[in-house]
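Novice: Single-letter residue listing:
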Amino acid sequence: MKSFAKIGLVAAAALALSGAAQAQAYPDRPITMIVPFAAGGPTDIIARIVGDHMSKTLGKQVVIENVAGAGGTTGITRALTATPDGYTIAMGHLGTFSAAPATYPNLKYDPLNGMQPIGLAGGTPILVVARKTLEQADLKSFVAAVKANPDKFNEAHAGLGSVSWTTCTLLKGQLGVPKLNAVAYRGTGPALNDLVSGQVDFMCDQIVSVAEQIKAGTIRAYAIASAERSPALPDVPTTKEAGLPEYQIEAWNGIAAPKGTPKEAVDKLVDALNKALNDEGTKKRLLDLGAVIPTVEERTPAGFAAVIKRDADKLSPILAAAPR
Amino acid sequence: MDMFSNLALGFSVAFSLQNIALCFVGCLVGTLIGVLPGVGPIATIAMLLPITFGLDPVGALIMLAGIYYGAQYGGSTTAILVNIPGEATAVVTALDGHEMAKQGRAGIALGTAALGSFFAGCVATLIIAALGAPLTKMALLFGPAEYFSLMVMGLCFAVVLARGSILKAFCMIMLGLLLSTVGTDLETGQERMTFGFPPLADGIDFAVLAMGVFGFAEVLRNLENKEARDVVRSKIGRLLPNWDDIKQSAMPVLRGTMIGGTLGILPGNGAVLGPFASYTVEKKIAKDPSRFGKGAIEGVAGPESANNAGAQTAFIPLLTLGIPPNAVMALMVGAMTIHGIIPGPQVMTKNPDLFWGMIASMWIGNLMLLIINLPLVGLWVKLLQVPYRLMFPAILIFCCIGIYSVNNQPMDVAFTAMFGLFGYLLIKLGFEPAPMLLGFVLGRLMEEKLRQALIISRGSFMTFLERPISAGLLLVAVIVLVIALLPSMSKKRDEVFTE
Numbered sequence: 001m002k003s004f005a006k007i008g009l010v011a012a013a014a015l016a017l018s019g020a021a022q023a024q025a026y027p028d029r030p031i032t033m034i035v036p037f038a039a040g041g042p043t044d045i046i047a048r049i050v051g052d053h054m055s056k057t058l059g060k061q062v063v064i065e066n067v068a069g070a071g072g073t074t075g076i077t078r079a080l081t082a083t084p085d086g087y088t089i090a091m092g093h094l095g096t097f098s099a100a101p102a103t104y105p106n107l108k109y110d111p112l113n114g115m116q117p118i119g120l121a122g123g124t125p126i127l128v129v130a131r132k133t134l135e136q137a138d139l140k141s142f143v144a145a146v147k148a149n150p151d152k153f154n155e156a157h158a159g160l161g162s163v164s165w166t167t168c169t170l171l172k173g174q175l176g177v178p179k180l181n182a183v184a185y186r187g188t189g190p191a192l193n194d195l196v197s198g199q200v201d202f203m204c205d206q207i208v209s210v211a212e213q214i215k216a217g218t219i220r221a222y223a224i225a226s227a228e229r230s231p232a233l234p235d236v237p238t239t240k241e242a243g244l245p246e247y248q249i250e251a252w253n254g255i256a257a258p259k260g261t262p263k264e265a266v267d268k269l270v271d272a273l274n275k276a277l278n279d280e281g282t283k284k285r286l287l288d289l290g291a292v293i294p295t296v297e298e299r300t301p302a303g304f305a306a307v308i309k310r311d312a313d314k315l316s317p318i319l320a321a322a323p324r
Numbered sequence: 001m002d003m004f005s006n007l008a009l010g011f012s013v014a015f016s017l018q019n020i021a022l023c024f025v026g027c028l029v030g031t032l033i034g035v036l037p038g039v040g041p042i043a044t045i046a047m048l049l050p051i052t053f054g055l056d057p058v059g060a061l062i063m064l065a066g067i068y069y070g071a072q073y074g075g076s077t078t079a080i081l082v083n084i085p086g087e088a089t090a091v092v093t094a095l096d097g098h099e100m101a102k103q104g105r106a107g108i109a110l111g112t113a114a115l116g117s118f119f120a121g122c123v124a125t126l127i128i129a130a131l132g133a134p135l136t137k138m139a140l141l142f143g144p145a146e147y148f149s150l151m152v153m154g155l156c157f158a159v160v161l162a163r164g165s166i167l168k169a170f171c172m173i174m175l176g177l178l179l180s181t182v183g184t185d186l187e188t189g190q191e192r193m194t195f196g197f198p199p200l201a202d203g204i205d206f207a208v209l210a211m212g213v214f215g216f217a218e219v220l221r222n223l224e225n226k227e228a229r230d231v232v233r234s235k236i237g238r239l240l241p242n243w244d245d246i247k248q249s250a251m252p253v254l255r256g257t258m259i260g261g262t263l264g265i266l267p268g269n270g271a272v273l274g275p276f277a278s279y280t281v282e283k284k285i286a287k288d289p290s291r292f293g294k295g296a297i298e299g300v301a302g303p304e305s306a307n308n309a310g311a312q313t314a315f316i317p318l319l320t321l322g323i324p325p326n327a328v329m330a331l332m333v334g335a336m337t338i339h340g341i342i343p344g345p346q347v348m349t350k351n352p353d354l355f356w357g358m359i360a361s362m363w364i365g366n367l368m369l370l371i372i373n374l375p376l377v378g379l380w381v382k383l384l385q386v387p388y389r390l391m392f393p394a395i396l397i398f399c400c401i402g403i404y405s406v407n408n409q410p411m412d413v414a415f416t417a418m419f420g421l422f423g424y425l426l427i428k429l430g431f432e433p434a435p436m437l438l439g440f441v442l443g444r445l446m447e448e449k450l451r452q453a454l455i456i457s458r459g460s461f462m463t464f465l466e467r468p469i470s471a472g473l474l475l476v477a478v479i480v481l482v483i484a485l486l487p488s489m490s491k492k493r494d495e496v497f498t499e
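Those sequence lines, one after another, are chains A and B. Residue numbering for the first sequence follows my numbering, starting at 1 and increasing by one per position. Residue numbering for the second sequence follows my numbering, starting at 1 and increasing by one per position.
It is possible that some hints are incorrect.
[As the list claims (entries may be wrong)] Interface residues of chain A toward chain B, partial, derived using beta-carbon atoms under 8 Å:
1) Ala184
2) Gly189
3) Gln199
4) Asp267
5) Arg285
6) Leu287
[As the list claims (entries may be wrong)] Far from chain A by the CB rule (all over 10 Å, computed), these chain B residues:
7) Leu9
8) Ile45
9) Leu126
10) Phe142
11) Leu167
12) Leu178
13) Arg192
14) Leu220
15) Ile246
16) Arg255
17) Gly293
18) Pro352
19) Arg389
20) Leu425
21) Met446
22) Ala471
[Claimed, not checked] One-sided and incomplete, this derived list gives chain A residues near chain B with beta-carbon spacing under 8 Å:
23) Asp44
24) Gly69
25) Gly161
26) Val177
27) Leu289
Simulated from the structure, these hints should not be mistaken for lab results. Every residue gets a Cβ at the ideal spot worked out from N, C-alpha and C, and that includes glycine.
Bound conformation, chain B alone:
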C-alpha cells in the first residue's frame, strides 16, 4: 500500500538526529507552556518563529507542531490540578479532572489523560496518513448552513446535559452567546455593545474570559476555603491507573478518539467541539450519569482523547487544503510561508518529505510526550503541595503575563480581573461557568455562519432544511430537546442532575 511507503519516507525524515532533537524540544516547551496557565501556544510559536529562520523547514515545522500538541497535553495538567483551562478545549477536562484531584486521585487523572491522549495521538496519526486527502473532500461538504446546524445541535446537547438546573444552564449559554456578540459587526463594521470604548471594539478575547471566570475566580473561591485544600494535600494518589480504571476508561478513550478525530477535520475550528461532544456522549450513555462532575474518570478519559485527536486531525485541512482551521494553524501557515513553502493542495506532492515527515514526527512526538509526562506527573502533582500564599500569586502572575501576551494589550488584564469577580459571583449564585464559555466560543462562529448562510440564500431560512446534512443535524437537535422535555424524562433528569 502507498500509505506504508509514504509513512516509511516520513519516518526516515523524522528519525534523523536533528529532527528527533527538535521534536523533543518542541514537546518539552509545549508541555511547559501548556502547564503554565495563560501562556498559550499562539504566543509561544509567534515568539519562537524568528528562531526557526536558521533551521530547515521540515525541522522548524516539526518543532512548532510539537509545541502545539505538547501544549494540549500540558493544558490538561493545569485544568486538572488548579482548575484553570488555558485552552477552550480543556474546559471540560477541568470539570471531572479537578474533582478527581480533590478526591486525591490527581495522579490517576493525569495518568489517564496522558495515556488516553497517547492512544488518540497514535490513531490520529494513522487517520491523517490514511485518509487525509479523501476526508478533506468530505469536510468541504460543510457550508455555512451545515455549520450553523451543527452548532445548534451542540448547544441543545449542552443545555440538556448540563449539570444542575436546566434553566440556569440555559441562562448561562445565552449569556455566553450575548457576550460573543460584543465588538465590531463583521458585515457592517458597526460597533455593538462597546459603549464607545475602543478596547471592546474587537470583542472579548476567549483567553480573557476563560482566565477570568475560571482562573481568577477559582483563586478567589479557594481563598475562603481552607479545608478542601488539606484534603488534596494529604492524598496525592497513585500515578498509574489500575486495571479497574483502565477498564472504565477504555471505551471512552476509543469513542473520544473517534469523535475528536472526526470533528477536528472540519475547517472552522471543529476541534473545539470535540471534548464537549465526547463529554456529553459519555454522560449520556453512562449507567449512572450523576457521577459526572464529581470526579468520573470517563469524564477525563473521553474528552482528553477527543482533544488530542482533534488537535492532530486539525492538521488535515492545513496540510491538504492549505486552509488553517484555527489561530494556531494560521500561525503554522505563516511559519511555512516564511520558510518558502506556501501551504496548499500541492504540499503533499511537491514536498512529500515535509508532509510525511511531519506526520511521522507526530507519532514520535506523542511517544515523547508520554515519556516526558509520566515521570513529570509526580512533579506536577507536587505543585499542589506548594502553599497557597506562594501558589496563588504565582498563578495570578502567570495568568496576567499570558493574557498580556495574547494581544499585547494592558486593558485585557484589567478585563480579566473584572471577569474574575463576575465568575466568583456566578459560583456563589450556583451558576456553572462552563456552559457560558461554550456559548461564547460557539456564539461568534454561529452568528457568522447564520448570516453567511442567510446572505447566500437571500434571506430564506429554508436553506437550513433544504440542505440534507443541515436538516439532519437540526432533526437530531429537535429530538434531543423533545426527549428532554417529555414529562417522564424531565422528571428522571431532575433526579439525575440536581443534587
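The shape of chain A in the complex, shown without the other chains:
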C-alpha cells in the first residue's frame, strides 16, 4: 500500500509539473491541423508544405488530419469546437470561412465572431477558362455572348460549396445571369475532363488545377481574377485588362483556431506561420504551385479577419440569392 501511495504522489507531482510546464512552454505535444478536404487537394498541399516548416519552429510535429465532408464544413466544425488549447487548429479556405455562412444555412460555426484567426497561408489566383473550341476568343466577347444568350452556355463546377462553384457563382451574379446552366461534378478533375473534351463550355477554378492544361493548349484561359498577372501564366490577362474589373477574387487558404485559444499559443502559431512563409524553400514550393505569398499584414489575426470579412461581404448577397 505504501508503495502505491508513493507512486500516486510521484504521479501527481509529475502531472502538476507537466501542467506547469504546459503553461510555460506551448507546445509540449504534437499539434493537429485539420484539413477539411481529402488528401492531395490544393488546401491539403498548402497545409502540408506550411505545416512541415511550422513543425520546425514550434519544435513539435504539426500533424495533418484530413476530415472531409460537406464542402469542408465538417472538418472546420470539428476543429472550431475542439478544446481551445492551441493543439487543434484548422486550415480552411475562402469557401469554409467567407462563403460557408451564406452557402450552408445550418452552419454550426461563425467564422467572423466565433473563431480565432491565425493568419493567411497562401493565396491561389482564380481563372476563367473555356473549352478551346468555344467561338469567343477573349473575355469581352465571351461576356457579351453570355449576357446576350445565357441559355446557350454550360458552366462546369466541382460541386456546391467548392471554390469553383463559389467563384463562378460570383461571376454569374456580377454578369447578371445567375440562372445560367450549371453542371455539377464531384471535384475539379472530372469537371476539367469534360471541359477538355468539350462537353461543357466554361468554368472558374484555381490556377493550380488549370495551369498545365492552359499551357498545353487543351483549354482556353480568358482572364485571371487578380490584380496582377501570374508569373506562372504571363500571357493570361487580368480581369481588369480584359474588361471585367469588378471580378476580383482569390482562393486563399488560412489557419484558424477555436475561439478562446490562449494568447501565448496564438502568438507562437502566428510566429511559426510567418517564419514558414519567410523561408526561401517553403516560399519556392508555394510559388511553384502558382500560389501567391500573403502580405505581412495578412499573416496576422487581424489582417486575416479583415480578408475573411471582405470576401464574406462580397459573396454573401450573391450566394444567398443563387438558384439551387
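Given the coordinates of chain A, work out where chain B should sit on it, guided by the hints.
Specialist: Using the frame of chain A, we list chain B on its own:
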C-alpha cells in the same frame, strides 16, 4: 521505334539502385496493407506522403505507385482467404476465390491470381507505353451521356447474370442504387434521406458498406458454422496451378487483361467496372455457367487480371491528361504537386524521366510482386489455420482501424457494425450482397452522369440516343434484357442459375 528508346530511358531510370529499393518497399508495404482488411491504399499513401518529402520526385512516385498496385495484389488475398473485399475491385474475386479456398484450393486461387495479375501487369505496362497518348484521346469521347449508358449496360448484365433468383438480384441492385443516393444532393445541396443526421450528410462511404456487409457479416455467419471451417483447415492445397488449371485460366486471363485495360483508361473510375465485366463475360461464355460462384478458377483468373490491368491503365489519364480517375490517383496528383510536378499533358515531354521511369518501374514492380507473393502465399494460407477466437477479433479490429482511417470519423465504425447486422440478415434471407455493392458503386456516378447529360441537353432524353456511342451501349443493354426475358432463355437460365 520511339517507344523502345523511351522504354530504354525509363528502365535506365527505374534500374537505379535507389529506385529499385523504393519500388520494392512500395510493393511490400502495398501487399501488406492490401492483405490487412480495411487499411486501404488511400490512407497509407496519405500517411506516407510526408516521408517522401526528402526523396526525389521520381523515386517518391515510384514508391507510391508500388503501394497502389501492391495493394490491389494483396487485396485479392484477403478476398480469397476470408471473403472480405477491401476494395470495390475485389468484390468479384471473393465470389469464386473464397469458394475455392473452402474447397481446399486456396493456394491455387492465390497462385492463379498472382500469375494472372503479373501477366496483366506486363501487358498493361506495354499498353501504357505504346498507346498512352492516343488512347487518351479516345477516352475523351466519353461524355456524361456515354458514361450513363455504359453503366446502364453494366447493370443490365449484372441483373441477367446474377447468381440465384433474378428478382432478388434486381432488388439488391435497386437497394444499392437507393443507398447511393443518401447524402447531399450534388446540384442543389439539399440533404436526402439523412434524417437531419450530420454524419450522413456526405452519404455512405463505400468502405463502410463493404466492410459491413462482407467483413462483419462474414464473421457473424462463420460464428454459427463450425464445420466449413474444418474443411478449409485440413486441406490447404498446392500453391502453383497445375497444367489443367493453367489451360483453364489462360483465356480468361487474356480476356480479363483486355477488358480491364480498356475500361481502366476511361476517366471516372472505369477500372471499377473491369472485374465485374470480366466476370460476367467469363460466366456468359463458359460451357457450364453453373460452376460460377462455386469455385470456378476462371472466376478468379479473369477478374484478377482485369483488376490489375485496370489499376495500371488508370495511370493513363493521370499521366497524359493530368486528370485523376479515382481517389488514389487524386492523391498521386497531390504527391506530384508537392514535389513540384504539376500533372498535365506536358508531363510526358517536360519530365520524360518521370513519365517513362514510372512506367518501367511498374513492370519491375509487377515482377517483384510475383516474387514477394508466391513464397508468401504459403504464409497467407497459413493464416487460415489461426483459430477463430484469434482471427475474428483481429479481423474486426483491423476493419475498425481501416474504416476509421478513411475519414477519421468514429461514426463510420458504428455504421459498419450496423451494416454488418444488415448483411447477416441478407445472407440469412438468401440475398447476395454483391449486386447491392455494384449498384452502390455505380449509383452515385450514374446519377451524376444522368443529371449532367440532362442539364447539358436541356432536359432532352434524346441525347442518349442521338449520340452514337451512347446509343450503341443502350442497344446492347436492351438486347441482353430481351434475350434474358425470352421464354426459352429464361427457362434455361433458371436451370442454370438456381440451385
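Novice: Going back to the hint list, which numbers does this structure go against?
Specialist: Hint check: 4, 6, 8, 10 and 26 fail, others pass.
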